[in-house]
Amino acid sequence: MNDTALAVGLCLASAVAYAAGAVAQERLARAGAARSAGALLGSGVWWWSAGLNAAAALLHAAALRYGPLTLVQPLGALTLVAAVPMGARRAGRRVAAAEWRGTLATVAGLGLLLLPASGPAPDDTLTLAEALAVSGATTAVILLLTAVRDPGAGLRHATASGLASATASALTQTVAVAGGRGGSLLSVRVAVVALLVVVFAVGGMLLSQRAYRGGGLGAPLAVVNLANPLAAAAIGAVLLGERLQGGPAGLLLAGAGALVAARGVVLLTRAPLASRGAPAPPLVPAAAGELAVPAGRVPA
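Residue 836 is where the sequence shown starts when you use our numbering, and the numbers rise one by one after that.
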């Protein structure tokens, strides 16, 4: 199996795990159990979603060892493909036509972006100075996006989550590639970058939780899946020497893909609120060691 095929396979597994985690997070948000950090940490459902996200992150990190950011990140759109029908099933409804159109447009657009993005296994990594600069810039943008509270805050939190996840992926690739070359995992650079990975990965998850609280599942998840690969591609192009394949034609294809994906996000954003499902039933408090579940449901 070549490096590209292995990276794609790992991305598929990661997308399914991320989708299941996103559905659990959105369900928890709509149940009104995510109003504070204390409430989240006391919820078995949140810990379940955290475990799914952790497993997905490990698979994603492995994919970044074998594929460039410009290939791996767009495949995150597969999370949206899985999450929208999974979320509808959990809510006991059918996927609305607007959601299908938005999902398909987002995935098709990111698929066009993917075509010129394939390339060899990554070789370059971020220096410590570059990692700190990227982290600082991302933090500043996230603070700007989340500073104002208004009806559009949900999608801004989703954008911030996508940026945090993209930065975490770029930093993860540095750790994965440096370790894969036989370099010391205990070096100062790798240790600092690994710590930053944890900060941005957890931050991205908490930001997405806030986005789901006011925006349902489809639109915030679409925004995350659009902001993530675009930010990662910028980091890959500017700092890691990654380039789109195909010259001017590749650039046109990528531009067309970005427009189609943006259209998909707009469709998901405009989906009627009723199509996002009725309010979730309250979560039944869990006994020690058990998951909290919606009233009337029996845990699988």
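These aren't lab readings, by the way, just hints derived from the structure by calculation. These numbers come from a predicted model, not from an experiment. The reader is advised that the hints may include incorrect statements.
Quick list of the computed label-pair ranges, beta carbon to beta carbon [unchecked claim]: (1) R929 to W882: 41 to 51 Å; (2) T839 to V983: 21 to 31 Å; (3) G886 to A840: 38 to 48 Å; (4) A1091 to T839: 33 to 43 Å; (5) V1034 to V983: 38 to 48 Å; (6) W882 to R984: 25 to 35 Å; (7) L893 to G971: 24 to 34 Å; (8) W882 to A1084: 44 to 54 Å; (9) R929 to G1082: 15 to 25 Å; (10) G1085 to D838: 18 to 28 Å; (11) L893 to D959: 35 to 45 Å; (12) S1022 to R984: 25 to 35 Å.
Glycine included, C-beta positions come from ideal geometry on N, C-alpha and C.
Cross-check of the supplied hints:
no., hint, verdict
1, R929 to W882: 41 to 51 Å, "30 Å, violated"
2, T839 to V983: 21 to 31 Å, "42 Å, violated"
3, G886 to A840: 38 to 48 Å, "28 Å, violated"
4, A1091 to T839: 33 to 43 Å, "22 Å, violated"
5, V1034 to V983: 38 to 48 Å, "23 Å, violated"
6, W882 to R984: 25 to 35 Å, "27 Å, holds"
7, L893 to G971: 24 to 34 Å, "26 Å, holds"
8, W882 to A1084: 44 to 54 Å, "47 Å, holds"
9, R929 to G1082: 15 to 25 Å, "44 Å, violated"
10, G1085 to D838: 18 to 28 Å, "20 Å, holds"
11, L893 to D959: 35 to 45 Å, "23 Å, violated"
12, S1022 to R984: 25 to 35 Å, "42 Å, violated"
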